[in-house]
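*Asks:* So the sequence shown is numbered by the UniProt record's numbering: it starts at 1 and just counts up by one.
Subject to a maximum C-alpha distance of 30 Å in a straight line, what follows is the list of computed DSSO-like cross-link-like pairs (lysine-lysine): (1) 152 <-> 129; (2) 57 <-> 152; (3) 152 <-> 304; (4) 129 <-> 71; (5) 128 <-> 80; (6) 83 <-> 129; (7) 12 <-> 57; (8) 83 <-> 15; (9) 12 <-> 80; (10) 83 <-> 102; (11) 15 <-> 86; (12) 102 <-> 57; (13) 128 <-> 57; (14) 80 <-> 129; (15) 102 <-> 80; (16) 83 <-> 128; (17) 86 <-> 71; (18) 102 <-> 129; (19) 86 <-> 12.
The following label-pair restraints were derived from C-beta to C-beta distances: (20) 30 <-> 105: 16 to 26 Å; (21) 268 <-> 80: 41 to 51 Å; (22) 278 <-> 104: 43 to 53 Å; (23) 281 <-> 83: 42 to 52 Å; (24) 83 <-> 274: 44 to 54 Å; (25) 230 <-> 104: 39 to 49 Å; (26) 122 <-> 102: 13 to 23 Å; (27) 152 <-> 250: 32 to 42 Å; (28) 285 <-> 72: 42 to 52 Å; (29) 126 <-> 281: 36 to 46 Å.
Hint data in this document are derived by calculation from the structure and do not stem from the laboratory.
Yeah, the Cβ is synthetic: ideal placement off N, Cα and C, and Gly gets one too.
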Amino acid sequence: MIELIATTESLKQGKLLLEAGADQLIVGEEVFGLRVPGYLSDDEIGELVAIAHQMGKQVIVAANAILHNDKIEQARPFLKRMKALKVDKLMVGDTGLIQIMKDPDYYIPYIYDASVLVTSHGQINFWKKYGAVAALIAREVPYVELELLVPKAELPVVTQVYGAQCIHQSRRELLNNYFNYIEKDALNFEDRHLFLSEPGKDDTHYAIYQDSHGTHVFANKDLNLMVQLPMLADIHADNWYLDGLYTPGQAFVEVVTVFHQARTLIENNEATPELLAQLNEQIITHHPENRETDTGFFLYSADKVR
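Make the full structure from the sequences, and use the hints.
*Replies:* Have a look at this one:
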């Protein structure tokens, strides 16, 4: 059974995403959530959990940030709050948080999300021993490697099929440093409206923003694997992750709706290249006009990635 896992920017959008076909929602707050499209309060998370459970669906809380001392000290109260809200899972990448969750009083099932580090079945199976119930595979893992990895993984493998792809994070406030250097007034860096461009390459536009976790830079193009979805289904990579960081509001709800339609076609053995191409056109329609999409590393050869 294919599961759609979608990020959520607000309580309102979360309700719409559940109705659109999302099976699991990823929500976050400012201290522990890394690159989430919006911050929800504890009350909003609790309300969304109740709604999701009534529909037989789940809520995942993003706790995938790199936790320095000031934030790791807040971890135990945070975990207690999340347990009280009855969230289904966390997304975790910091081993310090995993260490704390060895204590049953703080344990919550989690998806292991260490970004570019999750590249082998051995690593996935290792974290199973420490409470992981799934793993988000690195976006740099191509299909030729994925089809070898998935059968050997002892946990469900979550694969990103849509959305922004972070290619660099620095704990430093690089945008602040830049504007200080050029002696210009700083902008609101958290609005996610800024781009970098390579010298002499006007067609490049790497999205960049800054928040309490540092500075984040994204790939020139967002990921869209609509046409390649049957390939994932063929190897039973059945957990599809959709990131709405740069696709706000109703547009992301429409994107999830289209992926739900594709999922239904594939599960009913009715998907054809022509139908998927039509759905892909709908994705392009709903995707932000100032952002392009491609297949990322998915179709690369193993040698090219190495």
